[in-house]
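Participant: The primary structure of each chain is shown beneath.
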Amino acid sequence: MISESNRSVHTAAPHERWLPRPSLRFVAVWRRNLRVWRKLMVPSLIGHFGEPILYLLAFGYGLGALIGEVSELPYIVFIASGILCSSAMFAASFEGLYSAFTRMHVQQTWAAMLAAPLEVDDIVLGEAIWAASKALISAAAIGCVAVVLGLLSPWGVLLALPLIWLICLAFACMALIVTAVSPSYDFFLYYFTLILTPMLLLSGVFFPLEQLPSLVVSLAYLLPLAHMIEIIRPLVTGGALHVGLLLHLLVPIAYTAVAFCIASWLFRRRLLR
Amino acid sequence: MPEPSTESQQTDAPHRAAEGTRVAEGADAGNTSQECAVLAEALSKRYGDQTVVDRITLAVERGECLGLLGPNGAGKTTTLRMILGLTPYDAGSLQVLGEPIPARAREMRARMGVVPQMDNLDPDFTVRENLFTYASYYGIDRSEAARRVDELLAFANLEEKAQASIASLSGGMKRRLTLARALINAPELIVLDEPSTGLDPQARQHIWQKLRALQRQGLSLLITTHYMEEAERLCDRVAIMDHGRIVACGKPGALIAEHLERYVIELRGDAARHFLATHESQVAPARIREIGETVLLYADQPMPIAESLDGHGLTYLQRPTNLEDLFLQLTGHDLRE
Ligand SMILES: Nc1ncnc2c1ncn2[C@@H]1O[C@H](COP(=O)(O)OP(=O)(O)O)[C@@H](O)[C@H]1O
Ligand SMILES: [Mg+2]
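Quick mapping for you: the protein sequence lines, in order, are chains A and B.
FYI, the numbering for the first sequence is 1 to 273, going by our numbering.
FYI, the numbering for the second sequence is 1 to 337, going by our numbering.
These aren't lab readings, by the way, just hints derived from the structure by calculation.
List of simulated lysine to any residue pairs, SDA-like, C-alpha gap at most 25 angstroms: (1) Lys161(B) - Trp37(A); (2) Lys161(B) - Leu40(A); (3) Lys39(A) - Ser143(B); (4) Lys39(A) - Glu129(B); (5) Lys39(A) - Thr126(B); (6) Lys39(A) - Arg147(B); (7) Lys39(A) - Arg142(B); (8) Lys39(A) - Phe132(B); (9) Lys174(B) - Leu40(A); (10) Lys161(B) - Arg38(A).
Facing chain B, according to a computed beta carbon distance under 7 angstroms, are these residues of chain A, among others: (11) Ala28; (12) Val36; (13) Gln107; (14) Gln108; (15) Met113; (16) Leu114; (17) Glu119.
Positions of the beta carbon are idealized from the N, C-alpha and C atoms, including for glycine.
The following block holds chain B by itself, in its conformation from the complex (with noise of 0.2 angstroms):
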């Protein structure tokens, strides 16, 4: 198997199309499919009369941290257990780690790691247990299996709670033992399923810690998540997922810089409205956009407006534009449970 090489960390430049990743053509375009990870071309999945993911093109290079972002029921789910082959899909192909999936899914899943949206540890076993019966899944024989699960409880600082029941492991620790569980066969490529949904900060502070440890090693990442703050910190790239469709892909400084302005200012009130209502002009070079009770105005040059703000003497917060702005931008302000 080549190994995550500078030469395919090189690679990732230039991939970046309308309806999303698009991967090298011509060529070298036999190689791509053993470089990457994940190579998924025009996939499809429908639900009855639904469309769930609508013909997506996604690559994950080697040794790269790939998000897909999306709100609630854009097809993230789906898009994984397609990768895994444990989804059947309509129409596309599909390769991961160079295996055509579904029809070689098994020898796949031997070389990578999954977290699960879901917690799914096994309630009947204590921590140690856990691991050890996960690695018997993979035929991992018992001397070599006792040598990484001591490795993987210390690496999900777990060591304590080695004989601890499921029951009694905080919402922190059952990540952080599904992580180490996903890392059993020590694999190529780990998938994840929104890894730190409905984690306290430290403990996402700590998921996160983990996986940047991974990602150092050289393993690829696929990342699904809808916290821009994670993917702005994991992932080298992202792709912004909506409706099953990816709306855009690349790095996010990048498509930040594509898609918006460079500055926000964000108002809140009744004062702020008023002000808007009346002296349009003053900040007209900016975009408007109103989510609620906040008013955002995007603009390149935010320090004229700024002046007039202060002249008024509004309070206000002007930031960088970031990946949240850029989400809201793609993927409209609606709320979708």
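Here chain A stands alone, though its shape is the one from the complex (with noise of 0.2 angstroms):
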């Protein structure tokens, strides 16, 4: 008798799904990840702000004097927005990466989870929402030095916050993509080899895209980094905004939901055999 009642709904156990089906519990991954990193917000913060600080002495301040305007901005304030972006996309992706391998494989702080009522998608769902959380702690740094340094604009900056957020999503599940599928730490370089770097190098951040071969360009905007670019800076440098930017969202939006269907499905199978 159990058999039969068994059958009807078994249709529904998590490791047959093809597509995700996260609750609200995830929020409780999230909160957890935001605790940990309350405690250790100081250095992390400090490594937030000093980094991109460094790349703006250097690449704004030492070449910008040598450049001059690039797409009549100042160089600095071209790579300014340029980091934003990029910054954030890192950040999301580091998160997505190590931090979430480490809660996962070593730590098995997942494991713990998922004695209690989490399921599988609903860690996967609080880890993309929190690597992206930290793409959005990491682009508030940057804005604020740029602000102060009166490069970006503040209301530009306030307004492109929660579109990077929404961009960053797209990393954070990409990044999750190959954590699932990850043996160790040292698989990830793969992942920056073949996807991070070339996108952050052909992407616009530190040069017009239209310096490229137009081959390189179309495939530059098969990944989401250039889109970002194309929404973000002229949002937080006081550029021409129409509404056609907007169009440039739908390819964050859609690797987003793409890559997190994959990554929960890839996560289930490895985490529930």
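From these two lone chains plus the hints, build me the complex, please.
Facilitator: So this is what it looks like as structure tokens:
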């Protein structure tokens, strides 16, 4: 008699689903990570402020003095808006790769969560949103510095932050896919070499995309960072805004949706065996 | 939810059969699933070609402590993971706390507690924060959590360590904290995977004491172990598992009586071996087993044998047979890693 009642609902079993079915319990996962971050806030914030300031100094003032204007912006403004985006991308990626792997594999934090009424899908969603939140923190830190230096518009940065969070969900979910198939930390190097570094160099962070051969430009637009820069740069530099910019949001959103489904499926397959 | 009642405790006798525990069949079969904390029927799990759990049938009554005994690799952890809904099974059926698994595993896990084989306390938090954080996974609100955390710190004798980091705890403290964590949601059932492995004798006694206290409160317990002493002290019934099968299930005393003679005489050394070789007739009524250096003589009437050993000036140990003997009898003597 059990088997019958069992079978009728059996199709709902997590390991058999194709699509994720997260619940609101993901908030507990996000809050756990936030609580840990708050304990280590000071060193973490120093990192968020320190590194981009170095980049701004080196590229902006150093290189910028040689270059002058790029795309009708002083080079330091151009690069500040680019670094705002690329740093957020890296913050989300690091969290989705190294930190998530630590919690899943090394610390077995996820195993403890799975013994409670959390499902794999909840954990993946909580981690993705947390990684995007780390990107938001990083962008806010750089945004502050750039605004104080008079490089970026304060209102533009304020408007950009929620968009940055949204877009960085895509980077978070992409990183989680890699984590889901990763046997160890070393594996992440492939992702850096094949995806993140090319994206950083060829998406318009350091120079305008138009400088590149058109084939490379088309390839760059296949990945989310180029679209992120298309939206965020005019927003924070007081450039011309138009509704068409919102179309660029579709790419990161599509990446988020697809990558979240793939990552959840891979994690379910890995953890429910 | 039916509370653990005296009625459910009286129904534990007639469950033993060759294959393991069979659930009462017939008129009250419909109720059984409600009364059982865990009810597994013909449950199987394969990894590749290897059948790790092989058609096991198992029931944990409400308020009962059931021990799942077996050598390493017998399939104990896999069985527990299936019960939690974390490992999908290939055949059979499974209900835990009346919920079908894995379909409603999440709802079921909200009502149970887990002490895993390997500690997975959160190293980023203190002792107290660990309990608070775990409470948040169950959606327990902050004031209720605060009350339970204080209660559980007292239960686990960790009040002085409340602000300590996990790394600074001893093995025994970590286990007690893990147990306290498993109780944060006031569970009806707790599942413990080798709760005392790797602990020193004092720490082990301490954790047993805690488990007995939980039993008295009417919780259902499912414990895996390969320490016979632990099973003998804690468990109302034991299921002995080997190569993925349950080879025997029942009350320890009854199982020993069913499978073994009442007494065993242990002899050691070459003198003993020589004596056995030359005076076999004098120990004839006994069943002889040799394990390495030790010779075991199993007999219901040990007196004549003991007298003849005395007569030859041999030293020996005579004792009633116990669960360890049964375990060795049923799972063989080879060591498994
Ligand atoms: N995820 C897995 N993949 C493949 N084999 C596994 C997996 N988990 C357990 N096993 C195998 O199943 C058998 C039983 O393991 P386990 O349930 O952990 O035993 P026990 O807990 O009784 O020591 C072992 O041979 C083990 O190697
Ligand atoms: Mg095990």
